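J.: Now for the letters of each chain:
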Amino acid sequence: MKKNSLYKGTLQNIILKLLSKEVKMYGYQITQRAKELTEGELEMTEGALYPLLHKLEGDGIIKSEVQEINGRNRKYYLLTDKGKKQQALQEDEMKSYLFNLKTIFDI
Amino acid sequence: MISVEHKKEIRDYLLSKKLPLDILMELEDHFLTQIDTLRIQNISFKNAFDEVKQIWKEDLKLEKAYNGKEIAVFVKDTKDKEMVKIFRKSFFVFLMMNAVVFMLCMLLEKEVFSEILPVLIMVLTSIPAIHFLRYINNFNYVHQFKKIKLNIFHSSNAIIILGGAFQPFLLGKYGKIGLQIYKGFEQNSLTGILSLIIFSGCVGLYSYGFFIQMAFMKSLRKMKLYLSTFNL
Numbered sequence: 423m424k425k426n427s428l429y430k431g432t433l434q435n436i437i438l439k440l441l442s443k444e445v446k447m448y449g450y451q452i453t454q455r456a457k458e459l460t461e462g463e464l465e466m467t468e469g470a471l472y473p474l475l476h477k478l479e480g481d482g483i484i485k486s487e488v489q490e491i492n493g494r495n496r497k498y499y500l501l502t503d504k505g506k507k508q509q510a511l512q513e514d515e516m517k518s519y520l521f522n523l524k525t526i527f528d529i
Numbered sequence: 150m151i152s153v154e155h156k157k158e159i160r161d162y163l164l165s166k167k168l169p170l171d172i173l174m175e176l177e178d179h180f181l182t183q184i185d186t187l188r189i190q191n192i193s194f195k196n197a198f199d200e201v202k203q204i205w206k207e208d209l210k211l212e213k214a215y216n217g218k219e220i221a222v223f224v225k226d227t228k229d230k231e232m233v234k235i236f237r238k239s240f241f242v243f244l245m246m247n248a249v250v251f252m253l254c255m256l257l258e259k260e261v262f263s264e265i266l267p268v269l270i271m272v273l274t275s276i277p278a279i280h281f282l283r284y285i286n287n288f289n290y291v292h293q294f295k296k297i298k299l300n301i302f303h304s305s306n307a308i309i310i311l312g313g314a315f316q317p318f319l320l321g322k323y324g325k326i327g328l329q330i331y332k333g334f335e336q337n338s339l340t341g342i343l344s345l346i347i348f349s350g351c352v353g354l355y356s357y358g359f360f361i362q363m364a365f366m367k368s369l370r371k372m373k374l375y376l377s378t379f380n381l
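Taken in sequence, the protein lines are chains H and A.
Per this note's numbering, the very first residue in the first sequence carries number 423; after that it's consecutive.
Per this note's numbering, the very first residue in the second sequence carries number 150; after that it's consecutive.
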């Protein structure tokens, strides 16, 4: 992350959430979508993104497919069934975590 | 639109970072898209490429790997994570093998155990060999790419050969080792326990090589489309 190290521990949640909404995405698209949604606040470093994508793929949470787009080979990432379940679970946990944080910081 | 010359410049830059092809394929597309995006803002190719190189500077910095060869920081990070995961799996095999042999020692007579152990060794040895023979064309295909690694698992097959080299030794010395293992549990002898650890360690090492072989094949299957159009 470029701007805020607080995002660091949530990178996996962010990637899974984006994939659950967009169905399939490629690396650069993930970084740009996160940046766009947070109006430039969240800038993922590529060096953090790709090792994590490979780890998630190795864990069977996401899968990849290579497609030829305009003469270029592009690697897309998709959630697996296991990944979809994990994403739903992590989203619930994250919402509860954010709710609790908000409660504390609102006092 | 990026010209063929500029594409070559990008590829040459990525090749200079000693990236394996599966990662190169992904980063090449990333670089091209990133440069395209910058060029929409009327930035020249040279400036856009320099800017992207700057973004990636730290991640593509070359450092020494464990084998003394140069590797990009980012690739090393990815490879280390994968290898740790494979190591954990093979360590589990090591532990399981200890448990299986322990159970066999407890349940079987010495003579029956003596019959079963070589069968177990041969079955375990044949699994990676069958896998290799099944995909032999793919493994041979790799020889076309001598100057570049196809993925992070390329050239790791030496481990399986190393692990496999112990198998004839174990089979040849089986009588003694089998007996030592059995005695180890019967009499709590240190030599017996050590024999079991050596046996399970070889199986663990062999499975480490096998898991790498499987990961290599999985990655290779995904790269087929790319490899069909790839020219250095």
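Any given hint could be a false lead.
[As the list claims (entries may be wrong)] Here are some chain A residues the structure puts well away from chain H; computed CB gaps all over 10 Å:
hint: 1; residue: 222
hint: 2; residue: 241
hint: 3; residue: 278
hint: 4; residue: 284
hint: 5; residue: 337
[Stated by the list, open to error] In silico lysine-lysine, DSSO-like type, Cα no more than 30 Å apart, as pairs:
hint: 6; chain 1: H; residue 1: 524; chain 2: H; residue 2: 485
hint: 7; chain 1: H; residue 1: 457; chain 2: A; residue 2: 225
hint: 8; chain 1: A; residue 1: 259; chain 2: H; residue 2: 446
Hints in this document: simulated from the structure, not taken from any laboratory.
Because the structure is a prediction, the values reported are computed rather than measured.
Glycine included, every Cβ here is placed at the ideal spot set by N, Cα and C.
J.: Sort out which numbered hints this structure fails and list those numbers smallest first.
T.: Result: hints 1, 6, 8 break, sorted rising.
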